[in-house]
Amino acid sequence: MQTVIDAHNLVKIYDAETIPVYALNNVHLHIEKGEFIALKGPSGSGKTTLLNMIGGLDHPDQGHVEINGVNITAMKDNQLIDFRLNNIGFVFQAYNLIPVLTARENVEFIMLLQKRPKQERNNRVTELLTEVGLADKIDKRPASLSGGQQQRIAVARALATKPQFILADEPTANLDSLSAGNLLDIMAKLNKEEQMTFIFSTHDQRVIDRARRVITLEDGKVVGDEKRET
Amino acid sequence: MLFKIAWRNIWRNKTRSIVILVAVAIGLWAGIFLMAFYNGMIEQRIRSAIESEISHIQIHHPEFRKDYDLRFFLPEGQSMVESLKKEAGVKFAGGRMIINGMAASAAGSAGVRINGVTADSEAALTKLSGKIVSGKYFSGEVKNEIIVGKKLAKKLKLELHSKTILTFTDHDGDIASGAFRIVGIYQTVNTPYDESNVFIRAEDAGILAGLPGQFNEIALLLEKDEDLDRVSAALLKKYPLLEVNNWMEISPEMELLVMAMDQMMIFYMGIIMLALAFGIINTMLMSVLERTREIGMLLSLGMNKLRIFGMILLETVFLVLAGCPAGILPAMLTILYTRKKGIDLSIFSDTFSSFGYSNVVFPSLKPGQFGMIMLLVVITALISALFPARRALSLKPAEAIRK
Numbered sequence: 001m002q003t004v005i006d007a008h009n010l011v012k013i014y015d016a017e018t019i020p021v022y023a024l025n026n027v028h029l030h031i032e033k034g035e036f037i038a039l040k041g042p043s044g045s046g047k048t049t050l051l052n053m054i055g056g057l058d059h060p061d062q063g064h065v066e067i068n069g070v071n072i073t074a075m076k077d078n079q080l081i082d083f084r085l086n087n088i089g090f091v092f093q094a095y096n097l098i099p100v101l102t103a104r105e106n107v108e109f110i111m112l113l114q115k116r117p118k119q120e121r122n123n124r125v126t127e128l129l130t131e132v133g134l135a136d137k138i139d140k141r142p143a144s145l146s147g148g149q150q151q152r153i154a155v156a157r158a159l160a161t162k163p164q165f166i167l168a169d170e171p172t173a174n175l176d177s178l179s180a181g182n183l184l185d186i187m188a189k190l191n192k193e194e195q196m197t198f199i200f201s202t203h204d205q206r207v208i209d210r211a212r213r214v215i216t217l218e219d220g221k222v223v224g225d226e227k228r229e230t
Numbered sequence: 231m232l233f234k235i236a237w238r239n240i241w242r243n244k245t246r247s248i249v250i251l252v253a254v255a256i257g258l259w260a261g262i263f264l265m266a267f268y269n270g271m272i273e274q275r276i277r278s279a280i281e282s283e284i285s286h287i288q289i290h291h292p293e294f295r296k297d298y299d300l301r302f303f304l305p306e307g308q309s310m311v312e313s314l315k316k317e318a319g320v321k322f323a324g325g326r327m328i329i330n331g332m333a334a335s336a337a338g339s340a341g342v343r344i345n346g347v348t349a350d351s352e353a354a355l356t357k358l359s360g361k362i363v364s365g366k367y368f369s370g371e372v373k374n375e376i377i378v379g380k381k382l383a384k385k386l387k388l389e390l391h392s393k394t395i396l397t398f399t400d401h402d403g404d405i406a407s408g409a410f411r412i413v414g415i416y417q418t419v420n421t422p423y424d425e426s427n428v429f430i431r432a433e434d435a436g437i438l439a440g441l442p443g444q445f446n447e448i449a450l451l452l453e454k455d456e457d458l459d460r461v462s463a464a465l466l467k468k469y470p471l472l473e474v475n476n477w478m479e480i481s482p483e484m485e486l487l488v489m490a491m492d493q494m495m496i497f498y499m500g501i502i503m504l505a506l507a508f509g510i511i512n513t514m515l516m517s518v519l520e521r522t523r524e525i526g527m528l529l530s531l532g533m534n535k536l537r538i539f540g541m542i543l544l545e546t547v548f549l550v551l552a553g554c555p556a557g558i559l560p561a562m563l564t565i566l567y568t569r570k571k572g573i574d575l576s577i578f579s580d581t582f583s584s585f586g587y588s589n590v591v592f593p594s595l596k597p598g599q600f601g602m603i604m605l606l607v608v609i610t611a612l613i614s615a616l617f618p619a620r621r622a623l624s625l626k627p628a629e630a631i632r633k
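Protein chains in written order, with this note's numbering: chain A, 1 to 230; chain B, 231 to 633.
Keep in mind that the hints were calculated from the coordinates and are not lab data. Just so we're clear, the structure is a prediction, and the values are computed from it rather than from any experiment. All C-beta atoms in this analysis are idealised placements derived from N, C-alpha and C, irrespective of residue type, glycine included. Fair warning: there could be bad hints in the mix.
Computed cross-link-like contacts, BS3-like style, restricted to lysine-lysine with a CA-CA straight-line distance of at most 25 Å [unchecked claim]: (1) Lys315/B x Lys357/B; (2) Lys535/B x Lys76/A; (3) Lys76/A x Lys626/B; (4) Lys535/B x Lys118/A; (5) Lys244/B x Lys140/A; (6) Lys76/A x Lys384/B; (7) Lys468/B x Lys296/B; (8) Lys115/A x Lys234/B; (9) Lys384/B x Lys357/B; (10) Lys393/B x Lys380/B; (11) Lys366/B x Lys385/B; (12) Lys162/A x Lys189/A; (13) Lys366/B x Lys162/A; (14) Lys162/A x Lys192/A.
Pair ranges (Cβ atoms, derived) [to be verified]: (15) Asn243/B x Ser177/A: 33 to 39 Å; (16) Lys234/B x Ala74/A: 31 to 37 Å; (17) Lys234/B x Lys189/A: 30 to 36 Å.
All chains should be modelled from the sequences, with the hints used to inform the complete structure.
See below:
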């Protein structure tokens, strides 16, 4: 299998000068293409911090992260922004769509940043919104959509650039059971059909139950790493 | 897409955007109108100076203006005037005998400039005949007629048909004096001018000064202001031994006045723009702070800092440009209306006339000045946007996304 993410000896300390809190304490992680991973653990265990490190949104105090063999920890801010644009898809707990853009424009936006041709953008937007079951909401703005629908658009946006992997921070936390189920179905399908790697941080047992690998964090340390067949 | 996001973003909080649009509109209206008002004042003052006092060009003996010594007259004055009347671009030409002297009455005396003029020429050059507020213009029927300013008449308690004594040093350096009967009292918008200038016929002045039929000043009014440099150059070539001065050289205080007004305008525009800048900074900073999470998300997704910066700048420019029509249109309408009707400031007429200004101001604005205000507003907007944009750029995506 192709290695997508290699995290080496990650340490992140908050309030280092007063009472140091280890958000991550010597974390090693090896993730391969096509994995469907749930990061679980209690609040404050370091799930989001780890996602931020892998996603290049934050810098570790020690250690480094390699994506497809590229050390992103050594990159400067602007390099990281470009790297994220072309390699990583993000799905946030609060959906975080651009409220002034329609569903189509939200999905298209990230491809525009990549300067993809118009025809390609149009095809991809239609394909993705159909895939997430929102072809009929293409010209709706986020405010007129339900939470589940917004999150599906967020997934479509994350997939638009065909990233190496998708990081989803508590993606089902604000969704009802039906919406969460639908969303997980879509992501599981994409994972299976397109070999898209998904990494979730979650408390949600529904997500954990669907994951094929469950990594448990406590006090910034990996205390469990279970691979299973679903 | 960046344009679309920026434009839509400014309408997310309509009330706040409308408040700043109104501020922009009022600022622009005030800026444009104020500039038009001062511009109108200056233009009127200059027009008044050219058309009522000094004309476009004056020709003298090179030594004359140093001491206004009567020995330095223009020997060929009469023929020069006739020749100058035919010069291309010249509307009117007239000769004068200018003498510095004293006007006296039973009530007192005052230093005055005695303008010995040709009645017809002066009526054309300075429209003196139209400024008579009491009595009449030169009749030519009797000798020693004089027209005095209203202010001087008041000062020396001179009345129509009464006499005043003019005293001065003549061509030979002797004291000369003559009694002149007041046939008319004139009034211009320039009180100091009225107080210090009296008009007699050139023939009378020449006889008293010992220079009958001579002029020491020739004044020219041109068809168009734009011809000034061309005609001046032609006259300098034609009369190399004489002094040819344009109105700015004759009246350098006019240029100073324009400069002073320009500086005052810069000061006022600075205040308006400063107020505008604070309004924009406040609005855009609020907008950025409210959208911390959104900006964090954009950074996370891969929108680089230059684009974020550009987005904030665009929003600011759109916000300001949206307010521009609301400011420009009323300003233009106000200027068009007041340009026709004038703004009557009679209540301040004493103050205005003591500086040579008319108490009815007709605002006017040149296209260049209008463009300058627009440019100033856009520059102010861009500079004001820098602080909020910088604030947006300082956000860390991991922290911002959780706000």
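Hint check results:
Of the supplied pair hints, the one linking Lys315/B and Lys357/B holds, its CA atoms being roughly 17 Å apart against a limit of 25 Å. With a C-alpha separation of about 12 Å, the suggested pairing of Lys535/B with Lys76/A holds against the 25 Å cut-off. Between Lys76/A and Lys626/B the CA atoms are separated by roughly 13 Å; this keeps the pair inside 25 Å, and the hint holds. A threshold of 25 Å between alpha carbons decides the hint, and for Lys535/B with Lys118/A the separation of about 24 Å falls inside it, so the pair holds.
For the given pair, Lys244/B sits about 20 Å from Lys140/A by alpha-carbon distance, which is consistent with the 25 Å threshold. Note on Lys76/A and Lys384/B: the hinted pairing is violated, with a Cα-Cα distance of about 83 Å set against a maximum of 25 Å. Note on Lys468/B and Lys296/B: the hinted pairing holds, with a Cα-Cα distance of about 22 Å set against a maximum of 25 Å. Our distance criterion of 25 Å between C-alpha atoms is met by Lys115/A and Lys234/B, whose separation comes to about 16 Å.
Restraint check for Lys384/B and Lys357/B: the C-alpha separation of about 22 Å stays at or below 25 Å, so the hint holds. Between Lys393/B and Lys380/B, the direct Cα distance comes to roughly 15 Å. Compliance with the 25 Å bound is thereby established for this hinted pair. For the given pair, Lys366/B sits about 20 Å from Lys385/B by alpha-carbon distance, which is consistent with the 25 Å threshold. Distance check on the hinted pair: Lys162/A and Lys189/A sit about 15 Å apart at the alpha-carbon level, within 25 Å; holds.
Taking the CA atoms of Lys366/B and Lys162/A, the gap is near 95 Å; set against the 25 Å cutoff, the hint is violated. For the proposed pair Lys162/A and Lys192/A, the alpha carbon gap of about 15 Å is at most 25 Å, so the pair holds. The hinted range of 33 to 39 Å is satisfied by Asn243/B and Ser177/A, whose Cβ atoms lie roughly 35 Å apart. Separated by about 36 Å at the C-beta atoms, Lys234/B and Ala74/A satisfy the suggested range of 31 to 37 Å.
One distance hint, 30 to 36 Å for the beta-carbon pair Lys234/B and Lys189/A, holds here, with the actual separation near 32 Å.
Of the numbered hints given earlier, the model fails hints 6, 13; all others are met.
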